[in-house]
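> Residues per chain, in single letters:
2 protein chains.
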Amino acid sequence: MSTPLAASNARVKEARKLSRRSVRTERRLFLADGPKAVEAALTVEGCVVEVFATPTALEQHADLLGGAAVTLVDERALASLSDSVSPAGLVALCRHLDAPLDRVLESSPRLLAICADVRDPGNAGNVIRTSDAAGADAVVLAGQSVDAYNPKTVRSTVGSLFHLPIAVEPDPAVAVRAAQGRGLTVLAADGAGEVDLFDADLSGPTAWLFGNEAWGLPDELAALADHRVAIPIHGRAESLNLSTAAAVCLYATARAHRPR
Amino acid sequence: MSTPLAASNARVKEARKLSRRSVRTERRLFLADGPKAVEAALTVEGCVVEVFATPTALEQHADLLGGAAVTLVDERALASLSDSVSPAGLVALCRHLDAPLDRVLESSPRLLAICADVRDPGNAGNVIRTSDAAGADAVVLAGQSVDAYNPKTVRSTVGSLFHLPIAVEPDPAVAVRAAQGRGLTVLAADGAGEVDLFDADLSGPTAWLFGNEAWGLPDELAALADHRVAIPIHGRAESLNLSTAAAVCLYATARAHRPR
Numbered sequence: 001m002s003t004p005l006a007a008s009n010a011r012v013k014e015a016r017k018l019s020r021r022s023v024r025t026e027r028r029l030f031l032a033d034g035p036k037a038v039e040a041a042l043t044v045e046g047c048v049v050e051v052f053a054t055p056t057a058l059e060q061h062a063d064l065l066g067g068a069a070v071t072l073v074d075e076r077a078l079a080s081l082s083d084s085v086s087p088a089g090l091v092a093l094c095r096h097l098d099a100p101l102d103r104v105l106e107s108s109p110r111l112l113a114i115c116a117d118v119r120d121p122g123n124a125g126n127v128i129r130t131s132d133a134a135g136a137d138a139v140v141l142a143g144q145s146v147d148a149y150n151p152k153t154v155r156s157t158v159g160s161l162f163h164l165p166i167a168v169e170p171d172p173a174v175a176v177r178a179a180q181g182r183g184l185t186v187l188a189a190d191g192a193g194e195v196d197l198f199d200a201d202l203s204g205p206t207a208w209l210f211g212n213e214a215w216g217l218p219d220e221l222a223a224l225a226d227h228r229v230a231i232p233i234h235g236r237a238e239s240l241n242l243s244t245a246a247a248v249c250l251y252a253t254a255r256a257h258r259p260r
Numbered sequence: 001m002s003t004p005l006a007a008s009n010a011r012v013k014e015a016r017k018l019s020r021r022s023v024r025t026e027r028r029l030f031l032a033d034g035p036k037a038v039e040a041a042l043t044v045e046g047c048v049v050e051v052f053a054t055p056t057a058l059e060q061h062a063d064l065l066g067g068a069a070v071t072l073v074d075e076r077a078l079a080s081l082s083d084s085v086s087p088a089g090l091v092a093l094c095r096h097l098d099a100p101l102d103r104v105l106e107s108s109p110r111l112l113a114i115c116a117d118v119r120d121p122g123n124a125g126n127v128i129r130t131s132d133a134a135g136a137d138a139v140v141l142a143g144q145s146v147d148a149y150n151p152k153t154v155r156s157t158v159g160s161l162f163h164l165p166i167a168v169e170p171d172p173a174v175a176v177r178a179a180q181g182r183g184l185t186v187l188a189a190d191g192a193g194e195v196d197l198f199d200a201d202l203s204g205p206t207a208w209l210f211g212n213e214a215w216g217l218p219d220e221l222a223a224l225a226d227h228r229v230a231i232p233i234h235g236r237a238e239s240l241n242l243s244t245a246a247a248v249c250l251y252a253t254a255r256a257h258r259p260r
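If you're matching them up, the sequences are chains A and B in order. Every letter in the first sequence is one number past the one before it in the working numbering, and letter 109, counting from 1, is 109. Every letter in the second sequence is one number past the one before it in the working numbering, and letter 135, counting from 1, is 135.
Be aware that a few hints might be false.
[Stated by the list, open to error] FRET-style restraints, in silico, Cβ to Cβ:
| no. | chain 1 | residue 1 | chain 2 | residue 2 | range |
| --- | --- | --- | --- | --- | --- |
| 1 | B | S239 | A | S107 | 50 to 56 Å |
| 2 | B | R28 | A | Q60 | 43 to 49 Å |
| 3 | A | L64 | B | A214 | 15 to 21 Å |
| 4 | A | G46 | B | D201 | 33 to 39 Å |
| 5 | A | S107 | B | A173 | 54 to 60 Å |
| 6 | A | D102 | B | E238 | 28 to 34 Å |
| 7 | A | E75 | B | D201 | 28 to 34 Å |
| 8 | A | P232 | B | D201 | 18 to 24 Å |
| 9 | A | G46 | B | A173 | 49 to 55 Å |
| 10 | B | E106 | A | V174 | 38 to 44 Å |
| 11 | A | K17 | B | P55 | 43 to 49 Å |
| 12 | B | P100 | A | E194 | 40 to 46 Å |
| 13 | A | D102 | B | E194 | 40 to 46 Å |
[As the list claims (entries may be wrong)] With the Cβ distance kept under 8 Å, some of the chain A side facing chain B (calculated, not the full set):
| no. | residue |
| --- | --- |
| 14 | S8 |
| 15 | N126 |
| 16 | R129 |
| 17 | A134 |
| 18 | L164 |
| 19 | V168 |
| 20 | F198 |
| 21 | N241 |
| 22 | A247 |
| 23 | V248 |
| 24 | R258 |
| 25 | R260 |
The hints are simulated quantities; they were obtained by calculation from the structure and are not laboratory data. Since the structure is predicted, the reported quantities are computational estimates derived from the model, not experimental observations. Here a beta-carbon is modelled for each residue, glycine too, at the ideal position from N, C-alpha and C.
Isolated chain A (complex conformation):
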């Protein structure tokens, strides 16, 4: 077995630069941290370039690594690649996964989540995870949304980043119009919306439009949607957390899509 690479090794240093969004974007590479993420990444053909592993983790997780290219690193080198407080010994160097919006829409999705300017990595990751669970066909990160490959986003998806297509579209209005052009009804999730979620017709192909966690959806963007839909607030809370609201909307739609 070769000697594990140290944190000062040039390859490890190069991989470490992927903690910066600019470097991730330029190289179209990112790091997936921990056995669950690595396992999910390995299910996507052509995604994983190599897996950095400590000798201990390699032994422990030999099964899930299968035929992957493994680079042995020491504990310190691994910790320098991980954003976890207690790194689990495996980090995969992965190629970006995002699909062109057009291709996502060509597959006739029935349920789509469009995030416009969702900035918090945990929220974005949680929306991706919930979209996966609710059976959404894809997630669109639109506008100034957080990078899908931010380490915290990747971790919050708990593997779902590798389960469904993610499209990136700098202009949320383009995403809304493209979805409508493909026959999806676009519903803006908006606390001030005129339609109550539980009165809304969710039976057809539906794209949900979710806004920023602090300021919601800009009026001109929400106006492009077919309807503005509000989750009813029964108590005295002012609003719901963004990813919580997304879950309630996505699951209400999944329920309406069930065969009867």
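Please build the complex by placing chain B on the supplied structure of chain A, with the hints as guidance.
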């Protein structure tokens, strides 16, 4: 106007000790940080002992402070009481709010959330916020759940901590049996549950039992519930985030409780 107290002042130092759970529990006091939390705290009679405010914040928020007892502190003293990265100049010293479980149940609740061993402050706070929004009558923090007065929990509730009764019960089984004794159907949220959420009868008085974010509900506790209910997973996600799952369950129940 009196001179603002410094961080070294004895009263400020005493208040600062409330960052420790043991001190909060012993004194039955806690700190609520920021204008929104302070405003919500002031709506609860007898809750606020005093409000620590910087001279700037006092001027800016004079309206919401009304007749509250205000103690002027300097910026450093305020920052030492706040757990926020950018403190907003107001921190309220509050009395504990939790109500005895019996009293909560005497009010014939129709929707209740029982958290068993929910450990993450953000998750617990988000469950309290969502419970408020979904119209739940109370939240029970049971077992080894996080302290409701943890600064992160308080912040994550976005004021809802002050909107609905919170009961604390060290033994989750006692909470389950007490709810059943009052005619509530107890539903254990459990990914391996035998009833699909969207097939479940949620029309009567319902108590949801939510487990720990990592290991869920212990079998012997879930077995005490009337049914184990699973949120259907349509995609390849393994599970949902705890507070996300709670939101989907609570809102499905709120929907079933609506007059038709």
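> All the hints need checking, so say for each whether the structure fits it.
Evaluated hints:
no. : hint                          : in the structure
1   : B:S239 <-> A:S107: 50 to 56 Å : violated, 26 Å
2   : B:R28 <-> A:Q60: 43 to 49 Å   : holds, 46 Å
3   : A:L64 <-> B:A214: 15 to 21 Å  : holds, 20 Å
4   : A:G46 <-> B:D201: 33 to 39 Å  : violated, 47 Å
5   : A:S107 <-> B:A173: 54 to 60 Å : violated, 48 Å
6   : A:D102 <-> B:E238: 28 to 34 Å : holds, 30 Å
7   : A:E75 <-> B:D201: 28 to 34 Å  : violated, 53 Å
8   : A:P232 <-> B:D201: 18 to 24 Å : holds, 21 Å
9   : A:G46 <-> B:A173: 49 to 55 Å  : holds, 51 Å
10  : B:E106 <-> A:V174: 38 to 44 Å : violated, 56 Å
11  : A:K17 <-> B:P55: 43 to 49 Å   : holds, 46 Å
12  : B:P100 <-> A:E194: 40 to 46 Å : holds, 42 Å
13  : A:D102 <-> B:E194: 40 to 46 Å : holds, 43 Å
14  : S8                            : violated, 32 Å
15  : N126                          : holds, 6 Å
16  : R129                          : holds, 6 Å
17  : A134                          : holds, 6 Å
18  : L164                          : holds, 6 Å
19  : V168                          : violated, 20 Å
20  : F198                          : holds, 5 Å
21  : N241                          : holds, 6 Å
22  : A247                          : holds, 4 Å
23  : V248                          : holds, 5 Å
24  : R258                          : holds, 7 Å
25  : R260                          : violated, 11 Å
Consistency note: the structure conflicts with the earlier hints numbered 1, 4, 5, 7, 10, 14, 19, 25.
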